[in-house]
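Since chain A is already given, all that's left is putting chain B with the ligands on it; use the hints.
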Amino acid sequence: MKALVSVKRVVDFNVRIQVKPDGSGVVTDGIKHAMNPFDEIAMEEAVRLKEKGKVTEIVAITIGGAKCEETLRTALAFGADRAIHVKEEGEVQPLTAARALAAVVRKEAPQIVLLGKQAIDDDNNQTPQMLAALLDCAQATFASKVEVDGGKAKVTREIDAGLETLEIDLPAVISTDLRLNEPRYLKLPDIMKAKKKPLEAVTLADLGVQAAAPVKHVKTVNPPVRGKGVVVKTVDDLLAALKQKGLVS
Amino acid sequence: MSKILIVAQHAGGKLNAGTAKAVSCAQKIGGDIEIAVFATSGASVAAEAAKLAGVKAVLQVDNPANDHNLAAVVAPQVAELAKARGSSHVLAAGSTFGKDLMPRVAALLGVPQVSDVMLVHAPNKFDRPIYAGNAIVTVETTATPVVATVRMASFQAAAAGGSAAVEKASTSAKLPTHTRFVGIESHKSERPDLQSAARVVSGGRAFASGENFTKLLLPLADKLGAGVGASRAAVDSGYVPNDWQVGQTGKIIAPELYVAIGISGAIQHLAGIKDARTIVAINKDPEAPIFEVADIGLVGDLFQILPELTSKL
Ligand SMILES: Cc1cc2nc3c(=O)[nH]c(=O)nc-3n(C[C@H](O)[C@H](O)[C@H](O)COP(=O)(O)OP(=O)(O)OC[C@H]3O[C@@H](n4cnc5c(N)ncnc54)[C@H](O)[C@@H]3O)c2cc1C
Ligand SMILES: Nc1ncnc2c1ncn2[C@@H]1O[C@H](COP(=O)(O)O)[C@@H](O)[C@H]1O
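Residue numbers (numbering that gives the first Met the number 0), protein chains in the order written: chain A, 0 to 248; chain B, 0 to 312.
Treat the hints with care, as some may be off.
As the list claims (entries may be wrong) - Cross-link-like lysine-lysine pairs, in silico, DSBU-like; alpha carbons within 35 Å at most:
1. A:K218 - B:K27
2. B:K214 - A:K144
3. B:K124 - A:K31
What the hints assert, rightly or not - Using C-beta positions, here's what the derived DEER-type ranges look like:
4. A:D80 - B:K173: 33 to 39 Å
5. B:T213 - A:Y184: 30 to 36 Å
6. A:P20 - B:S171: 52 to 58 Å
7. B:P306 - A:E69: 21 to 27 Å
8. B:G12 - A:A65: 50 to 56 Å
Quick caveat, the hints were computed from the structure, so don't treat them as lab data.
Bear in mind that the values here come from a model prediction, so they are computed numbers and not experimental data.
Positions of the beta carbon are idealized from the N, C-alpha and C atoms, including for glycine.
So here's chain A without its partners, still in its complex pose (with noise of 0.2 Å):
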């Protein structure tokens, strides 16, 4: 059974982003970049079906612009068999990232495909739904647990109200949580290795895929910032602090 793996290149989960002054976006010329740390989680779980040999393939796909090629070949020392690169230089949002990753399963038939539940740069959680839904097939997202049976998956799914399972028929879309597994560190061979294998480049126009209509990013400016607080020296201190606040009696 082959998996389609989707990774999004994004601003590195450690970095403190700035503003840019002109209310533009955020900088991100010059700033580390990493595979969205969903997306680890999705490779890291396709890797251990194909140990447990669930799995035979692994696809990995980005779309995005020529320094997405990075995070491909991350993929790739992950334990990837070869990636898919749609090339687009301009922002990917999510519809339009479905519609790509929509046309790609149609060629490629994976069973599995595997996203992260968000990306940390726009945080929109919507392109593992919106590809189930595009390709009219089930969806476990925010996944914790996955078990592969035959033709069915059983995921258990992290919910504002605990721990929901499901059992999905395939070919299923999921999405994966952070609990979901602890993806491994890659090691240099592993990375040597995947400079050699196999990445194929296509456009969105190869695909037949129209890019949506996009959401306009209208202004970008800084959060609200807290007042100043007070570091208060004694456990009566603070009980003082929060009276004074009427938040305790």
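Here is chain B with the ligands on its own, set in the frame of chain A:
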């Protein structure tokens, strides 16, 4: 004029509080507000929804397939209902229910989605957080309908006092059978619900065990009448259940009082508490980033501070 369709979230025959917050967002957009209830038999939920101020109609869509409100099953019905009603907007709370469902609806309608609306500028222009809330972007969409989820921490629940008509509705959407509910594991608790509690006490990795949460954090929460939360590290370490997680990828909350204990204050955690009125931090490291956002900070060892604090309350 706008015609807004809100998808109700419910469980156990009760309306979830997030729906009233979506109504409040809809009031800011302005126009006719309709609430759709998808359930096996949604009468009690529909009756509750009808009482929300400003709601014009409640559409009760009963179907045995709607048991458990699976996104794949509900989405085609929402899409069809939105078309039938001529909705200009389709909204749901930005809970895990809304996040799972609404992008699927948007894609079926062939439109993009606006996630986590925190402010309404105009019926098609909103503010939303990006980069874990470290930037706020104003977005404008030209698509119809506007499909959006509502950031619950940004809106008060709509008041009661409405008396909308409840109509039975149905759709001819073809419902898939590829997704089946197996079970849910919830930790029932008598404590206030984390997402709506006026006060929240949270613990981090520093607690070092689940027993310490029980021994030290819960008694403090009980004294304060507070809901309980945690950092990702505390959840990952298995000290507390996943639904306690506060932050970018957990729950985003806006209590009057948030007490962070043994939590360093990583940006992903702060993303969940920026709207708290008062933040109290207890941490032994005076350099911990949590102190940058705390209104009241106390530097020290939680294992000494908590017993004293709890006994003095
Ligand atoms: C994609 C992504 C999403 C994430 N989403 C979230 C999220 O939603 N929510 C979240 O919380 N995190 C999230 N994280 C993780 C986040 O980056 C931090 O790793 C996490 O919040 C740290 O938890 P912590 O503060 O409990 O642990 P630590 O960072 O280890 O901090 C422990 C703190 O306890 C203090 N301490 C230790 N002993 C004591 C003592 N005896 N008394 C008092 N203080 C003590 C230390 O000084 C330290 O500041 C996410 C990370 C990623 C990559
Ligand atoms: N341009 C893209 N290229 C590859 N994967 C993407 C892209 N956009 C979104 N995704 C995938 O969809 C997931 C959710 O993204 P989002 O809906 O943007 O929050 C990400 O974790 C990725 O797996």
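Going through the hints against the structure:
A hinted pair counts as satisfied when its Cα atoms are at most 35 Å apart, and A:K218 with B:K27 qualifies at roughly 20 Å. Taking the CA atoms of B:K214 and A:K144, the gap is near 30 Å; set against the 35 Å cutoff, the hint holds. With a C-alpha separation of about 31 Å, the suggested pair B:K124 and A:K31 falls inside the 35 Å cut-off, and the hint holds. Taken as a hint, the range 33 to 39 Å holds for the pair A:D80 and B:K173, whose Cβ atoms sit roughly 36 Å apart.
A C-beta distance of roughly 34 Å is found between B:T213 and A:Y184, which places it inside the suggested range of 30 to 36 Å. Checked against the hint of 52 to 58 Å, the C-beta distance between A:P20 and B:S171 comes to roughly 53 Å, which is consistent with it. In this structure the supplied range 21 to 27 Å is violated for B:P306 paired with A:E69, their Cβ-Cβ distance being about 51 Å. A hinted range of 50 to 56 Å for the beta carbons of B:G12 and A:A65 is consistent with their spacing of about 54 Å.
The earlier numbered hint that this structure contradicts is number 7, and it is the only one.
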